[in-house]
Each structure stands twice: as C-alpha cells, then as structure tokens.
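Student: As given, the protein sequences belong to chains H and C, one line each in that order.
According to full-length UniProt numbering, the first sequence is numbered sequentially starting from 1.
According to full-length UniProt numbering, the second sequence is numbered sequentially starting from 1.
Derived from the structure by calculation, the hints contain no laboratory data.
It is possible that part of the hints are untrue.
The list makes no distinction among identical chains, and a pair is therefore deemed to hold if it is satisfied within one copy or across any two copies.
[Claimed, not checked] For lysine to any residue, the following SDA-like pairs were computed, each having C-alpha atoms within a straight-line distance of at most 25 Å:
1. K51 <-> T4
2. K9 <-> L89
3. K22 <-> F164
4. K69 <-> N150
5. K51 <-> L8
6. K33 <-> G145
7. K2 <-> I90
8. K109 <-> Y131
9. K139 <-> V7
10. K51 <-> D84
11. K22 <-> D39
12. K109 <-> D167
13. K9 <-> D72
14. K9 <-> D108
15. K60 <-> V31
16. K69 <-> D86
17. K51 <-> K112
18. K2 <-> K60
19. K33 <-> E6
Here the structure is a predicted model, which is why all the values come from computation and not from measurement.
2 protein chains.
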Amino acid sequence: MKHTIEVLKVEECLHSDYIKPKSMYYLHNSVEKRWDIVDTHNSVAILLYHKDLDSFVFVKQFRPSIYVKNHDGFTYELCAGIVDKDKSLIEIAKEEVLEETGYDVPLDKLDKISSFYTAVGFAGGRQTLYYAILDDSMKVSEGGGIENENIEVIYLKRDETLEFMFDESIATTSGLMFALMWYFKNYEK
Amino acid sequence: MKHTIEVLKVEECLHSDYIKPKSMYYLHNSVEKRWDIVDTHNSVAILLYHKDLDSFVFVKQFRPSIYVKNHDGFTYELCAGIVDKDKSLIEIAKEEVLEETGYDVPLDKLDKISSFYTAVGFAGGRQTLYYAILDDSMKVSEGGGIENENIEVIYLKRDETLEFMFDESIATTSGLMFALMWYFKNYEK
Chain H
1 MKHTIEVLKV EECLHSDYIK PKSMYYLHNS VEKRWDIVDT HNSVAILLYH KDLDSFVFVK
61 QFRPSIYVKN HDGFTYELCA GIVDKDKSLI EIAKEEVLEE TGYDVPLDKL DKISSFYTAV
121 GFAGGRQTLY YAILDDSMKV SEGGGIENEN IEVIYLKRDE TLEFMFDESI ATTSGLMFAL
181 MWYFKNYEK
Chain C
1 MKHTIEVLKV EECLHSDYIK PKSMYYLHNS VEKRWDIVDT HNSVAILLYH KDLDSFVFVK
61 QFRPSIYVKN HDGFTYELCA GIVDKDKSLI EIAKEEVLEE TGYDVPLDKL DKISSFYTAV
121 GFAGGRQTLY YAILDDSMKV SEGGGIENEN IEVIYLKRDE TLEFMFDESI ATTSGLMFAL
181 MWYFKNYEK
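If we strip away everything but chain H, and leave its shape as in the complex, we get (with noise of 0.2 Å):
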C-alpha cells in the first residue's frame, strides 16, 4: 500500500479528549512528591497466527508520536485496541480482529495470554494480551479499519519472524515483541 504523509502543523495542545495531564500531590513515607501523570485508556492487543499461511498477521500503521520523534511513523504492530466502551475485554479484542484485520473469530478461541502496564513513569494503561489461530474460513471482510485508519494488514512467514523482530530499522512494539517471544518459547521448542 502506497502512503502519504504531510505535515500541516504540530503545535501546544491544550485541549484532548485522548489526554488528559493530571498532576498527583502524595506522602510517600511522609515525604511530598508531586508526580505528572497522563490518564489513559487501558487496552487489548491480539497476536494472530494464520495456519494455512503458517504467518503471523500484524498491522501496520502510521503513529504521529513516532513521525515527531523518529521521521519514520509506520510500525508494526500487534491488533490491537483501547477499552473505551461498556463491553468485556475479550468481545472489544474480538471486535478490533475484525475491523483491523478482516477476521471474524469466535470468542472461545481467544485465548488469554496475561496482562502487563505499559509506559509506567506517566502512563499507566493495562494491556491484556490474547492469542487466536486464524484460517481462511474465518475471513469475512478486507479490515483497515474504520474511518480512514489506514490500518495495512500485514502478513508475516513464521520463519522470517525471529529475524524480523531484532531488526532495529524496523518499529515494533513491546507487546509484539513480548507475545512473539511467548509464542516461540512455547511452542519452537
């Protein structure tokens, strides 16, 4: 898929309805802190495995916070979604298999794997992790997304994966780098 990007402006935001700075005053041991906190949503994430590929299906998108710092802003990363709606985790992963990569799998094959915080020193959203095995049969749509995400599905080859993950030119995440490993630990013995 072929993108364009260009930059109109990057200025102060003072107004978000995605972030929201707070500023924590506490007695830690009765000594004063002040600590600067970021109030996010908690978030899902799926790692997909397609066996008649024998890939793993990740997702491709452009992240502006990256393009600021890095001046390249596509990663690779896991399906993946926030919890911003009255649904339980696993039908919100359900939901974002579908719209991000086209498949629609049952909920009793999402399988947890666990669930860790990410960007602890100012954030602090809780990420629960899923695995499912995908087929053709489960194929329903194109995904990308909605409402312009630009969501590129990507489909990856088992055994070009390990080489993929350590390769620094390439953006990746930290759940995908840790339910890779998962993966591999425990089932490429």
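Given the coordinates of chain H, work out where chain C should sit on it, guided by the hints.
Tutor: Frame of chain H; chain C shown alone:
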C-alpha cells in the same frame, strides 16, 4: 520495605516539565487528520541476572499513573531510566544500574538485546534494552535510586520467575515481560 502512601490531591495539570501534549495536523493520503500526542523521552532498560544468587534483579516502584486507575501502584519493573542527558545509551544504562540497584557493571558487560516503541497510540518513546550478568564483586552500594526515589531492589529466583510473570495479581511491565521471555527462549530450551 514498608511503604505508606497518602494521596493529598489529584488535579488537572496545566504545565509539566515531563508531559507536553501536542496536536499534529497532517494529510494522510490527502485526508486531513489531527492526532494528539505526548512528547516523551526515550529510555533504556536493563535485564539483570545475578549468577551467584541464580536470581533476576528487578526494581519495585510506586507509580502514581497506575495508582490512579487501579489502586495498587506498586510495580515490578526492569531497572530503567529516561534519556535526558548528553551521554550514550549504554552509559545511561550503566548509571541507572548503579543508582537503582547498587551494582557497578563494566560497559563491556552490557549487551544490547534490541529496541522497540511503547505506548505508540499517544506517545512514541523508544526503549533500548540491555542484558547484563551480575556477580557479588560488582556490588558497591545499596542502590534505591536518588533523591527519595524509594526504589526497592528485588531478587527473584530464576526458577520462580515464569510463575511470577503470569500471576496477574502482580503488576509488571511489557518491557519486563519481553526481556524475560527473551531470556527463557534463548537460555532454557
């Protein structure tokens, strides 16, 4: 170590030296978009394995970002620090190990594992991950951080670590999960 936490107040943060919200306006394939981001520091983290004790060495910290959402603010993390000075990544890694854990690790004993991004939805910090093997001879101080950081040094036996990682009642980070999975994939077949 006993910790007492007493919250005084949590309020909207109007100015922070650490969290600087920005809005990026751009054209993606000619469609105009806005994305709100937090301009954060890059970071380093170090997986520490103490060979005389057959244990990993972690740090336990109070994290206001997690306390606000989840009411248990203590996390188990890799020794880590932000890149906010004019030194190389590996020199900052060495300094953080000394400050937080009290071990003086020679630069040539710090091996890079890889790098990746965290919290890419709203922040774009790149974390570079190192691995070092410690022994008793490197211990020069108590660690615990600087300026009342209240960092607790934790030793966890290697053979108890996989169970610890997947105990969701314990708050861990994505960096710790990846680093440990990397260790177990490579050193325990």
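Student: With reference to the structure, classify each hint as holding or not holding.
Tutor: Hint check:
For a Cα distance limit of 25 Å, the shortest separation of K51 from T4 qualifies neither inside one copy, at 33 Å, nor across copies, at 50 Å. When the C-alpha separation of K9 and L89 is checked against a cutoff of 25 Å, the pair qualifies neither within a copy, at 36 Å, nor between copies, at 30 Å. Proximity of K22 and F164 under a CA criterion of 25 Å is satisfied in neither setting, with 38 Å inside one chain copy and 31 Å between copies. Taking the closest pair of Cα atoms, K69 and N150 come within 25 Å of each other only inside a single copy of the chain (21 Å); across copies the shortest separation is 31 Å, beyond that limit.
When the C-alpha separation of K51 and L8 is checked against a cutoff of 25 Å, the pair qualifies neither within a copy, at 42 Å, nor between copies, at 53 Å. For the identical chains of this complex, K33 and G145 are inter-copy neighbours only, at 15 Å across copies versus 42 Å inside a copy, given an alpha-carbon limit of 25 Å. For a Cα distance limit of 25 Å, the shortest separation of K2 from I90 qualifies neither inside one copy, at 32 Å, nor across copies, at 37 Å. Only within a single protomer do K109 and Y131 lie at most 25 Å apart by alpha-carbon distance; the minimum there is 8 Å, versus 35 Å between protomers.
Taking the shortest alpha-carbon separations for K139 and V7, neither the intra-copy value of 35 Å nor the inter-copy value of 50 Å comes in at or below 25 Å. In this assembly of identical chains, the alpha carbons of K51 and D84 never lie at most 25 Å apart, being 31 Å within a copy and 44 Å across copies at closest. With identical chains, the CA atoms of K22 and D39 are at most 25 Å apart both within one copy (7 Å) and between copies (15 Å). With identical chains, the CA atoms of K109 and D167 are at most 25 Å apart between copies only, with a shortest distance of 22 Å across copies and 31 Å within one.
Proximity of K9 and D72 under a CA criterion of 25 Å is satisfied intra-copy only: 17 Å inside one chain copy versus 39 Å between copies. With identical chains, the CA atoms of K9 and D108 are never at most 25 Å apart, being 45 Å at best within one copy and 43 Å at best between copies. For a Cα distance limit of 25 Å, the shortest separation of K60 from V31 across copies, 18 Å, qualifies, whereas the shortest one inside one copy, 45 Å, does not. Taking the shortest alpha-carbon separations for K69 and D86, only the inter-copy value of 17 Å comes in at or below 25 Å, while the best intra-copy value is 34 Å.
For the homomeric pair K51 and K112, the shortest alpha-carbon distance inside one copy (19 Å) is at most 25 Å, but the shortest distance between copies (33 Å) is not. Proximity of K2 and K60 under a CA criterion of 25 Å is satisfied intra-copy only: 12 Å inside one chain copy versus 45 Å between copies. When the C-alpha separation of K33 and E6 is checked against a cutoff of 25 Å, the pair qualifies only between copies, where the shortest distance is 10 Å, while the shortest distance within a copy is 42 Å.
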